[in-house]
Amino acid sequence: MNAPVSVRQSRSQPDGATGVPAILLIPAAIAVAFLVLPLAALLVRAPWSTLGSLLSTPEVRDALRLSVVSASLATLISLVVGVPLAWVLARSQIRGRGVLRALVTVPLVLPPVVGGVALLLALGRRGVLGEPLYSATGVSFPFTTTAVVLAQTFVAMPFLIISVEGSLRAADRRYEDAAATLGAGRAMTFRRVTLPLIAPGVAAGAVLCWARALGEFGATITFAGNFPGTTRTMTLQVYLALETDPDAAIALSLVLLAVSILTLGLLRDRWLMRT
Amino acid sequence: MNAPVSVRQSRSQPDGATGVPAILLIPAAIAVAFLVLPLAALLVRAPWSTLGSLLSTPEVRDALRLSVVSASLATLISLVVGVPLAWVLARSQIRGRGVLRALVTVPLVLPPVVGGVALLLALGRRGVLGEPLYSATGVSFPFTTTAVVLAQTFVAMPFLIISVEGSLRAADRRYEDAAATLGAGRAMTFRRVTLPLIAPGVAAGAVLCWARALGEFGATITFAGNFPGTTRTMTLQVYLALETDPDAAIALSLVLLAVSILTLGLLRDRWLMRT
Amino acid sequence: MSLSAHVVIQRGSLGVDVALEVKPGEVLALLGPNGAGKSTVLRVLAGLARPHAGLVRLDGQSLDDPAAGIRLAPHRRPIGMVFQDHLLFPHLSTVDNIAFGLRARGSSRAAAHTVAARWVARMHLSEHSSAKPRSLSGGQAQRVALARALAGDPRLLLLDEPLSALDARTKLDVRADLRHHLGDFAGATVLVTHDPVDAMALADQLVVVERGRVVQVGTPVEVSRRPRTDYVARLVGLSLLSGTAHGRAVLLDNGASVQVAEASNGPVFVAIRPASVGLYRSRPDGSPRNVWPATVAGVTPYGETLRVDLEGEVPLTADVSPEAAAELDLVLGAGVWASVKASEVAAYPA
Amino acid sequence: MSLSAHVVIQRGSLGVDVALEVKPGEVLALLGPNGAGKSTVLRVLAGLARPHAGLVRLDGQSLDDPAAGIRLAPHRRPIGMVFQDHLLFPHLSTVDNIAFGLRARGSSRAAAHTVAARWVARMHLSEHSSAKPRSLSGGQAQRVALARALAGDPRLLLLDEPLSALDARTKLDVRADLRHHLGDFAGATVLVTHDPVDAMALADQLVVVERGRVVQVGTPVEVSRRPRTDYVARLVGLSLLSGTAHGRAVLLDNGASVQVAEASNGPVFVAIRPASVGLYRSRPDGSPRNVWPATVAGVTPYGETLRVDLEGEVPLTADVSPEAAAELDLVLGAGVWASVKASEVAAYPA
Amino acid sequence: ASDPPTTGAGTAGEERISETVTVFAAASLTDVFTVLGDRFEAEHQDVTVVFNFAASSTLAQQITQGAPVDVFASASAATMQTVVDAGLIVAEPEVFVQNTLQIVVPAGNPGAVTGLEDFTNPDLIIALCSAEVPCGAAAVRVFEAGGLTPQPDTLEQDVRAVLTKVELGEVDAALVYRTDVLAAGEAVEGIEFSQSSEAVNDYPIALLAGSPNPGAAAALVEFTASPAGLDVLAAAGFQIPEG
Ligand SMILES: Nc1ncnc2c1ncn2[C@@H]1O[C@H](COP(=O)(O)OP(=O)(O)OP(=O)(O)O)[C@@H](O)[C@H]1O
Ligand SMILES: Nc1ncnc2c1ncn2[C@@H]1O[C@H](COP(=O)(O)OP(=O)(O)OP(=O)(O)O)[C@@H](O)[C@H]1O
Ligand SMILES: [Mg+2]
Ligand SMILES: [Mg+2]
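Taken in sequence, the protein lines are chains X, D, E, G and L. Residues 1 to 275 (this note's numbering) are what the first sequence spells out, left to right. Residues 1001 to 1275 (this note's numbering) are what the second sequence spells out, left to right. Residues 2001 to 2350 (this note's numbering) are what the third sequence spells out, left to right. Residues 3001 to 3350 (this note's numbering) are what the fourth sequence spells out, left to right. Residues 4001 to 4243 (this note's numbering) are what the fifth sequence spells out, left to right.
Honestly, the hints are just simulated from the structure, not real lab data. Every residue, glycine too, gets a C-beta built ideally from N, C-alpha and C. Among the clues, some could well be false.
Sample of chain D residues facing chain G (criterion: CB under 10 Å; computed from the structure) [to be verified]:
(1) 1199
(2) 1247
(3) 1248
(4) 1255
(5) 1259
Across the chosen pairs, the derived CB separations fall in these ranges [unchecked claim]:
(6) G:3135 <-> X:22: 51 to 61 Å
(7) G:3349 <-> E:2186: 27 to 37 Å
(8) D:1191 <-> E:2183: 51 to 61 Å
(9) E:2076 <-> G:3069: 50 to 60 Å
(10) D:1138 <-> L:4198: 20 to 30 Å
(11) G:3024 <-> E:2186: 53 to 63 Å
(12) E:2246 <-> G:3349: 58 to 68 Å
(13) G:3067 <-> D:1191: 28 to 38 Å
(14) E:2176 <-> G:3183: 51 to 61 Å
(15) G:3127 <-> E:2068: 31 to 41 Å
(16) E:2285 <-> G:3114: 36 to 46 Å
(17) G:3061 <-> E:2010: 11 to 21 Å
Here are a few chain D residues that face chain G, going by a calculated C-beta distance under 7 Å [unchecked claim]:
(18) 1021
(19) 1043
(20) 1062
(21) 1076
(22) 1184
(23) 1185
(24) 1191
(25) 1193
(26) 1244
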């Protein structure tokens, strides 16, 4: 099978690597074929004619906006709290790191609906933390956009953490030594040396996190519910469409895909192309 | 809020880093709390008394075995074909790498049920590729254990690819130059130099991939069906239990968690603890 | 600004136990063979490695005192360090690498840049001011590392072979600059170098370390005149023998005897310069009172002279001109007579 | 096994254009200031950088020929290379690092290990045979890198400062070993070094590169006797002046005049050794025919002598003993008279 | 199950039927069909019944993509229709059970809900099924019949999601099927309301055209309508259609 790629001799980059050995090219081509073929089948099947009208409905636009905004917020939160956690797992001498890491991987494996139930048990109106919060302030998370973000964060953050931890472990720690002799404390070293060194890994982790958040379904519908405008994300829209009109569901999925590919494409050019 | 960690001065490792700056510790603690709290709530709610009897049913044991075996196979396949693809994305001069990478991220974002539909459209008995295959050989994928593995691979492999690509980009390429001057071709350099250098990244990617495969639901039930013994994985079992007995579903999820934490814990000690 | 350190640390099979005293403004050079533990000592002083025992004090303040449980984090130490493999931050430009320490120690961005730009100029790096380390040559990288360590105005300067990748011209300039800077510098400096010229030019005090232990301490001139180990003798280009003096005759440990210029008694070292050794095909009859038969063990061109390694009762090295070598037919294994004037032989107490 | 190379490549603002010819068994040393492009030339020869033009041929086979679109991948070139920063594989032990190239070129695991173990012993690394690079000292790492490059029995050997991190003793041993190996070695060797002693000891041919261009070619002795650029003169410790000869008098470009030993005519270089320069407090009346007033611009201890930089009509460097220096009161800015015998001044065509 | 497949349409009970019957059934039928299957297997020793439980829509996708299936039991007539439209059904599907809506509240009824009118109270947290799914469509009809405009806080994708929220006390009232209230046990309370008869949800069952084992399949479909079968279905709270 021919993969849709062609090898080019690099002219612009004299140190460049050219040519891909067969032992890598063949499995890579298989991987691409396997990932692309179902997508191609989907594209063939998609109801192209109705795509325009689908897209123009305000519900779909709302859902799309909600999806992108909530997934981006979830990724932002994950970056802010997850990258430090990855650092703690990879670098610190904290006792019980193994247990910590195991706990972090939990949401990866938990069926998302169960994850949603867990979130309700913790942060719901009757939840361990949610009940005192509700009686004190009258605030409750479920059925709000906040809940969507929280559910996505819960499910997607571990992807970021594990991925960044891997990058941290592969990084050369001696640069951190050098920073220390220059007077940089742990925090500054982290921000100005470690983080830039592992930027590609953080970017990869953020992509995984964002994508997982964008595709989140089970935890969201369980914890946040499904109300147009506030909690109905694009994925929820797709699942509803599946019940009545599978073709529309495919069309909606393709819209979601297009948006995510565009977003990632734009970001990646800035983030990753620095090697 | 107190995170369940305590800082210890390292005595064994004279070069060791001790102490975690507050700027990292505080967000890390928030992350842990956020990830752990729902789990704790789940543990409190779990029907501990019935856990034993649940575990002893042959269906549950079958489902568990199927889950672990299929997720491991999916991870293996992903490693074999996904790591080379990551290399091609990170290192080669192939035209259209950007497009390739975008295509690879597609299954990340596709709602899993739609992914299952896509797999049916491609590899089902009436599928683009499945139909000729079926009429030629009588072989068809859906509703077999193979289908479970394929569905999980489709959904989980991108996690591996993106994560490994990030590691490859962060790695120091000059070691590859050194290997070339020693007579190592691309393939040998990849196997004996690049791969060991990014081992922590590959391990992290494999963990993500395995966990995602283990938690896979939508694509599996759609493409592989839900037959006890052959395609009913633990997540599907949880889904069915949710229909009838939510407490049993929580118990089953915890069993899944325990197994995955044990597995990852054992593997990680071997894989990751080399820095 | 004086450093007083006693460093005890185990590294693999090597036990390091080195004591140093550096007065304010003084430069101490650490010399020693590969793997002697020199870099390890610097890492301990920097706080990057944790000593098992001992004490590191700077200006009376304890930086490390394992017995008392005291240990100052590296970034709180007022130090500057040049690493043997530079460790320039790959994502920062030359000027940003140099400005890093200033920023870390609280300078404003503008102030840090001004100072860093001055260092860029002083190190002749202006052309590469915005280059990333990847695109620097080895010598350029070393200059950036040096500037980065010096820019922060440290109170203790730790330099691990700061001049080794520099070309002859730049080395002269940078060495002079460093000398200048160290002259103005009120703090203590510990310098690791393999180049005796660097040590001579820069150091006030020389500490020779072998296998983790101090084997000789002194001023560069003392050490180079009176080496106490074979390593140092080689370093300064001398042949070292040891024996017992009985007046103006020294009985070597291997049984041979050497006539020396000044009378003494008891165990002594005997040092002979290669240039003072004459080689002859047959036993010479002249004034030199030290004449020994020897076999040629090796001949290495060394500048315009040839350095000849000799085996025999007295192992020696001799420098001869290419013409003399041709005349003597100095092939490997050839037998020759070596002679040294007694006045050229230095003996000093062991 | 001869190398014939013409390397043309642009690196940032530096245009490199260097031609080399190395005969079988010959060692060519590349000398030059930092950033001259030496490492770049080696990278092109290794196939790691792609020349924009030129030609690289080994034994008549084209390795690079941009005009003809020919380019042999690095791993197909029969080369061994030592990198300036070693680049030892961090995940492999010493012996595995050394065995890597043998395995890559098809040796069985056992055979590769046998050969590698021999190199480990030869490089005095037996204690560190199973150590990872992280736990090696700088000198040990460099020896591993050297062994790794040599073990594969390359036909073209590329060495980028292979001895710079070695201590004096080990450097002697490794240099001798390298010399020995290069003596047996039928292939071509290109060596980058900053140490004139290395160049003298190891190289048959010296190519001096400055700013990407070849400025002088010759045997080490020729080059060191008759340097043609200030860089080389400094390297070999000479003061270099340029002027026009009129018989035994040379009119320097700055107007001063120098008496030389041999008569010639036309543009010449004049080289003066620091040791042949005498310094006096008042104008001397003796035989030397060259006497100039000068000002002390710098004094650097240099082994047991002091090296004095002089400014004046004729910029010079002089070596004096500490005693003489004390007597002359050689402080910065002091006025002195410098004199050189005409017989000590070499002049040669520019 | 190693006997050769039976051919032609034999009458159940007379000819010896054997082999495997594959049933695709809506996830909400998991419990009842598992029991039904066991009973059927007890009567027909040679037959193994294999179930594939999933959302009706998923099952329909699988069937239209060529799944080897004998019987399809859907929780929605509309979904069944997509399979009919694809020409994969032998005869007109039969409605074998029906289900009606009930108000469901958390145990103890914290919102003091008494009837459908409370669904218009914006202060209560109300969950309904989305109109795209059968229980949602039914809810729309009962509110229309009652002339009420509900104030839901969420429109769930399936009954299960609604029920979880009621069980955990996150919503004060919701509309779900009677069968679900029954299955949820003590964590919830069901409240009957008069308009429920306005929206009856049909569960159709059908034999597939491509059935590998039509004889046994037909026997199974008949069994669901047999007294033994109806007992099981009724015990779960389903209504048996008249006629
Ligand atoms: N992290 C480590 N683990 C184990 N052994 C180590 C480690 N670091 C260094 N060593 C060993 O300790 C010894 C001293 O190393 P060190 O780097 O201090 O030597 P050095 O005197 O700086 O030598 P060089 O002149 O070659 O740089 C060496 O034998 C080295 O192999
Ligand atoms: N990848 C690159 N991109 C841009 N400029 C580069 C790159 N690599 C090297 N250079 C520049 O090319 C010039 C030559 O570098 P090179 O490493 O060849 O010098 P060198 O002669 O080996 O010097 P040194 O003796 O200091 O090692 C330097 O000015 C360097 O900054
Ligand atoms: Mg060292
Ligand atoms: Mg270089």
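Unmet hints by their number, sorted upward, for this structure: 2, 3, 4, 5, 6, 7, 10, 14, 16, 17, 18, 19, 20, 21, 24, 26
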